[in-house]
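Novice: What follows is the residue order along each chain.
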Amino acid sequence: MIEREAKDIVPVHDNPAPVLSEDIKKGYDLIDRYIMIINRDFRVEFCNMKVRNEMGDVTGRPCYEVFCLEISPPADCPLKKTMEFGSTNSKIVMCKDKHIHFFAQPFSSDKDGISLALLLALDITEMIKVGKKERESREMLESLFNSMADPVTIHAPDYTIMDANISALNLLGMKKEDVVGKKCHEIFHQQNSPIKRCPMRQTLLKGDVEKSLVGRPDLNGDYLVNTTPVFDKNGRIVRVLHSLKDVTELKDMERKLTRDNERLLMFTDLITHDMGNYSQGALLAIDMLLADETLSPKQRRYLEMARIQMQSAHQLLENAKKLSRLYEEKIEIVPMDAGIVLMKVISQLKKTYASRNIRINTEVKMGTHTVLADELLFDVFINIIGNSIKYTPSDPAVVDVMAEVWEDDPSFYRFEVIDRAGGISEEHKKSIFSRFERYNRSSPGSGLGLTLVKKIVENYGGKIWVEDFRVDGEVKGSVFVVLLKRG
Amino acid sequence: MVIEDDKVLRELYSDMLSLAGMEVVASMASGLSAIEFIKDGNKVDLIIMDYRMPVLNGIATMKEIRKFCPDIPVIFATADEVMGITALDAGAAAVLVKPFAMEQLINAVKKLKK
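So the protein lines, in turn, are chains E and D. Sequential numbering from 390 applies to the first sequence in this note's numbering. Sequential numbering from 62 applies to the second sequence in this note's numbering.
Note that these hints are calculated values from the structure, not bench results. Ideal placement from N, C-alpha and C gives every residue a C-beta, glycine not left out. A hint or two may mislead.
Said to hold, decoys possible - Computed cross-link-like contacts, DSS-like style, restricted to lysine-lysine with a CA-CA straight-line distance of at most 27 Å:
#1 Lys-172(D) - Lys-739(E)
#2 Lys-480(E) - Lys-521(E)
#3 Lys-595(E) - Lys-571(E)
#4 Lys-128(D) - Lys-172(D)
#5 Lys-104(D) - Lys-739(E)
#6 Lys-439(E) - Lys-469(E)
#7 Lys-740(E) - Lys-100(D)
#8 Lys-740(E) - Lys-171(D)
#9 Lys-469(E) - Lys-480(E)
#10 Lys-819(E) - Lys-779(E)
#11 Lys-595(E) - Lys-585(E)
#12 Lys-865(E) - Lys-779(E)
#13 Lys-711(E) - Lys-818(E)
#14 Lys-414(E) - Lys-470(E)
#15 Lys-172(D) - Lys-733(E)
#16 Lys-754(E) - Lys-739(E)
#17 Lys-711(E) - Lys-733(E)
#18 Lys-733(E) - Lys-585(E)
#19 Lys-174(D) - Lys-740(E)
#20 Lys-779(E) - Lys-733(E)
#21 Lys-171(D) - Lys-733(E)
Said to hold, decoys possible - Residues from chain E that face chain D, not an exhaustive set, calculated with beta carbons under 8 Å:
#22 Gly-670
#23 Asp-676
#24 Met-677
#25 Leu-678
#26 Ala-680
#27 Ser-701
Next comes chain D alone, as it looks inside the complex:
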């Protein structure tokens, strides 16, 4: 699942992962809609999460989702290195500091899927 408030990035993440042979089951523009999706019982293997989003930020969203799926790996994509460290401390599986290459994203996802 991709949680990213930027429409272009959502589309690009989805296209790249599809190109790498993976399926994006949901592409959410906000943390709240992602939590609802998980609450509804939908299953996802991994989340790619933006940090800065309106209403609920990435870390708060991750903490809420983990109440329903405690072990789900979350990859944070952030432009702020400091926030990246905060996300790792909060339990993120990996952090990609923007701008990153397509290859880095795909490698990170593949590594965690194993």
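Only chain E is shown next, with the shape it has when bound in the complex:
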């Protein structure tokens, strides 16, 4: 150990009498870094509090033993260079399991050169670990960025492209160096300024995610472009992330569907209007013939048959038209008096089946049952009750219409239409509400009536199904159950 008397130390070359005073030692003790004064024999002259606390008092020991676990100074020892050349040197050294950054600088000198050197050591193990993690994270993000199937680009607020993933480069057919640093409108749209539909412009204005469909001629295909702002801690937009979803196939399909739908609408319109006129003409012509009182019973019967067939054809078209509307248009359901609707249905059915003996019994009267529906509720009841009459083979055709609050969910009414038409087989029960299904092809019917009914009921948020009507265990007919929300 070398003792010095001078109070102040100036760590520069040629300092005549540098001494490590007690004040300076106390000052070094307050510093949260490893500080040591090393003599020209590489022995520790002084170590501060941090060294003493963590490594013990290493005063007098060779620093290469303490820190480098070597028997002599390593070849690249920074202290060695400082002692030799009087220069400041630094080096990161692995000490045990730590990364230590050593800074060595001359502390004092005498006629033989540098006599003491100050060694400052920083433990940068954590820093290196964080740096490594950051590097790994960056590499991971880079890898994810490039493995994304959708083209993604990162833009500065001035529309400069900062980065582009591999998919984006493939889409553009360009290399990264040809894209990064250029304006996005130049690269993507070959324009000198942002295009009118540019979603990034909106993102910059609103500070929110924007979506825009950009297609030809701006891009070579149809893309759904999402622009997402990235904010700094002050809430300023520093980047805008662009992701492009290739929807070219979907858009092509949509265009085809639109064309097909237009054709279908034209076809439906032609059928409903022009066929309506033709059937009207045929029906009136038949009526004119039926007005002739000299017709034989057989002639009259044939004309009546022709009339029924024409009416059925027309009903089919009407049902198809209504079904088509139900699929296309939104309905508005309002509270409706089921009793009034049933009264109208019964009145209509009595006219339609004037030649038959029909009896429709119901407890549903005006003001007793309000349901959430619209004007198509008429079609629900007239189709179900009309079918029940139609398929009852012999008169009187008796149909009961019952209604009660549904036990399972009191927010619904359970309507039951009970007929004595002989019942429906289990197989047909499954398909009776399916399109174009009619359980007895020899019977008259539109073939779409129950499909229409099901669609209407479902649009009301209700349900429909069919059960057997049994008397003494024997199937006598069917019960059409309709659940409708109470209004």
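Given chain E, work out where chain D should sit, using these hints.
Specialist: For chain D alone, kept in the frame of chain E given last:
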């Protein structure tokens, strides 16, 4: 007067109304020719009108005719129920939804003639 672009229906309406003892003074294939007929000062008691016709539809035709004969009753014959409601809102006296029976047409005309 019958205004209907379908030739067969025009003929049938006329025959049926004649059969019921009424006279069809004019049977027009378009709204424009019907307006001209009314403009010329010809008098009619009632009109049976199709809705969908080329150039001028039934409602537009009715509105034009009403400028000369404000109170003339118009019966609309249409295959489209929705259009029927539109016609009633526009001031039609009655709507017959196609296909209707001869009896319905005659009853509607008789009712309005009273």
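Novice: Which of the listed hints are broken here?
Specialist: 5, 7, 18, 25, 27
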